[in-house]
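In order, the protein sequences belong to chains E and W.
Just so we're aligned: 214 in our numbering is position 214 of the first sequence, and the numbers increase by one with no gaps anywhere.
Just so we're aligned: 1065 in our numbering is position 65 of the second sequence, and the numbers increase by one with no gaps anywhere.
There may be inaccurate statements among the hints.
[Stated by the list, open to error] Here's a subset of chain E near chain W, in silico, CB distances under 10 Å, partners left out: (1) L39; (2) I222; (3) K225.
Don't read these hints as lab results, they were simulated from the structure.
Think of the CB as a built atom: it goes at the ideal place given N, C-alpha and C, for glycine as much as any other residue.
Single-letter residue listing:
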Amino acid sequence: MIRIKQYFFCLFFLKVLVIYSQTIEINYEQSFQNSSINLYKKYDLVLTDSLSIYIERESKSGNKNEGNVYNQKTYNLELGNKMNSNVYVNKRDGFYFLETFFGQALEIKEDVFKNNWQMIDSTKYIADYECKLATKEFRGRKFFAWYTNQIPTTFGPWKLNGLGGLILEARDSNSEFKLNALKIKSIDASTDTLYNALINKINVLFENEKEILTIDKLKEFIDNKNQIILNRIKQQLPRGVSTPKLSSNCEECNDSLEKY
Amino acid sequence: MKNLFIAIAFICFSSFAFANEITSNEISNEGHFEYMVITNESGEDTCYARFCWNVSGTQRQCTGWQEVPCNAELELEGDRE
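Could you build the full structure based on these sequences and the hints that come with them?
As structure tokens, this is what we get:
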């Protein structure tokens, strides 16, 4: 009897180990819609036990990103290119991302995320996966995430991570931000040249610490650019019109996905 | 409600005024003026304008609404090109 128990325990452990050590690619759709912004994008999350890469691969609104389709080997991570893919990378030494601010692609290293997820006693099935619900406050929004322990990982899509399992669905309390997993597939990391090329690109992208901004530096960059724009406006306004200031109660401004 | 101004707001996305100026390398982000006209019960218009631009794909920034002459857009530099 003890032997049978040991056998089943080993089998379970092996299964968990196989799932955990696999490289998995999850396709997501992600949207952010409010009164002034309407974004719909598709992302791939490449997940290993030590690294995750969440990379934009297609855009249906705004500028068409035709050169960044991961599945077509044409994703674009060239700095200085306005058509850059957004990328979010969890590495051993921290969380990095590449986003475009004022038309300029910037590499940014995040502060350590607070793991302040709160579990909610609710479960549902997404495809064949049993999912649990968790919630957290993050940069001015309250997020809800459905995650499954059947795919154990601390990584996740976008900046939502730190749960014990893979997030398959998430939204914020206003339902302005939404993401859904569409497809999960295994990658053979030893033979997949596309996967290896992506890893190399990511390593190169975030290798030079001097070029990587902190969140504080990003805020500084944004403030400076905003000030330049205000000065331009000021120079061109007709006489008698008061100096413009950034709005503190602009409804649309409060609609930003993140408040840094 | 009677004592309140009746707000007739129309927001025009004006690319003519500053867009050309702001598409320089230094400020490569596109921005635009938005206008609002409020007409009171006597039929008098008060005009307001603000300038909005995209900080990133998920972040937008605007100046506060400020009163401008109702023909202000005709007097802005670079508008007559």
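Status of the hints after comparison with the structure:
1. L39: E/L39 check passes; min Cβ-Cβ to chain W is 6 Å, inside 10 Å.
2. I222: Holds, about 6 Å.
3. K225: 7 Å, holds
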